[in-house]
Amino acid sequence: MGLAACGDRQDSDAARNYDAFLLTESGERQEVRGTYSELAEALESIKTVSGASSLSLTVHRYENAETFTYNPDYEGYEASTVKVPIALSILRKAFDENRLVDEQTRSLIDASLGLSDNDATAALFSSLGQDVAAQDAEVNATYDRLGITQTRCVDGWGNNKTNTLDHAKIARVLYEGVEWVGADDMNRVRAALTATDLESQGWGVGALVSLPGSTGSEHLAEKVLCKNGWITNDEGIWYVNSTGAAQYHGQTYALSVMTTGFTDQEKARQVTSSSVEKVMELLGG
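With UniProt numbering as the guide, the letters of the sequence shown map in order to residues 1 to 285.
Hints are computed from structural coordinates only; laboratory data are not their basis. A few of these clues could be false.
[Claimed, not checked] Derived DSS-like pairs (lysine-lysine); straight-line CA-CA distance at most 25 Å:
(1) 161 with 267
(2) 278 with 169
(3) 169 with 93
(4) 161 with 93
(5) 278 with 267
Bear in mind that the values here come from a model prediction, so they are computed numbers and not experimental data.
Could you build all of it, start to finish, from the sequences and the hints given here?
Shown next, in the form of structure tokens:
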């Protein structure tokens with residue numbers, strides 16, 4: 001495969017074909033009710049109508065500190081969304097070694113995140129260690145620092161499996177920050193993730209840039225952050241995902257959506273956009 005771009009259910013739920021639940025900040029798992037149940041049904045409808053073989057979405061809603069997740073067991077490929085953890089690994093390693101990140105490295109981060117530049121990403125990844133095993137270990141150390149245990153970097157970047165629960169945690173880091181990334185560096189990461197390249201980043205979470213009710217352009221760097229990824233398998237089936245954070249109607253969300261089952265990449269992108277827009281319609285309208 002190569003880079004092309006860049007618990008138990010309640011008895012009442014036994015007949016449904018998907019899994020959906022809420023997670024509190026303490027990790028307690030709760031049954032979906034009300035609007036969240038409506039959202040789960042809407043996402044299942046999007047999956048069915050579009051013909052997707054899989055669709056998963058996780059959203060953390062800061063207003064009530066709840067995380068909703070739909071089909072969290074689905075695993076897709078990180079593709080270019082791994083460029084965010086790689087950038088965070090560069091910054092974490094510098095912090096751990098008590099040194100500053102030089103401007104050349106910052107420029108590579110800008111290109112990797114803002115332009116989804118694979119060459120810049122490869123240079124950043126190579127700088128993490130003397131060989132691929134050491135480089136993998138640094139990214140995994142970042143995952144560990146973020147409380148991510150299911151996603152692992154093995155034999156390089158891009159082709160590793162992940163899920164929306166893990167990537168929603170990464171999206172939260174982009175919004176909240178972490179103690180091991182300085183404010184200036186984190187703001188630069190955010191600025192690089194502001195979905196200004198609408199062709200590659202203006203769908204999925206990036207679709208919120210043009211959705212009525214989202215933030216004005218003067219605050220875009222603080223409000224709509226997005227990193228998209230897409231990759232095909234040997235049969236030409238696309239794995240497409242989008243991760244980011246946004247404010248909508250005064251509320252803040254960290255989201256990740258993943259889908260697969262399409263030979264048409266554009267159709268897969270539309271599914272991610274429709275899913276994110278449905279979140280905003282039901283939770284933020």
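Hint check results:
For the hint linking residue 161 to residue 267, the alpha-carbon distance of about 22 Å falls within 25 Å, and the restraint holds. For the given pair, residue 278 sits about 20 Å from residue 169 by alpha-carbon distance, which is consistent with the 25 Å threshold. Of the supplied pair hints, the one linking residue 169 and residue 93 holds, its CA atoms being roughly 19 Å apart against a limit of 25 Å. With a C-alpha separation of about 23 Å, the suggested pair residue 161 and residue 93 falls inside the 25 Å cut-off, and the hint holds.
The straight-line distance between the Cα atoms of residue 278 and residue 267 is roughly 16 Å, inside the 25 Å bound, and the hint therefore holds.
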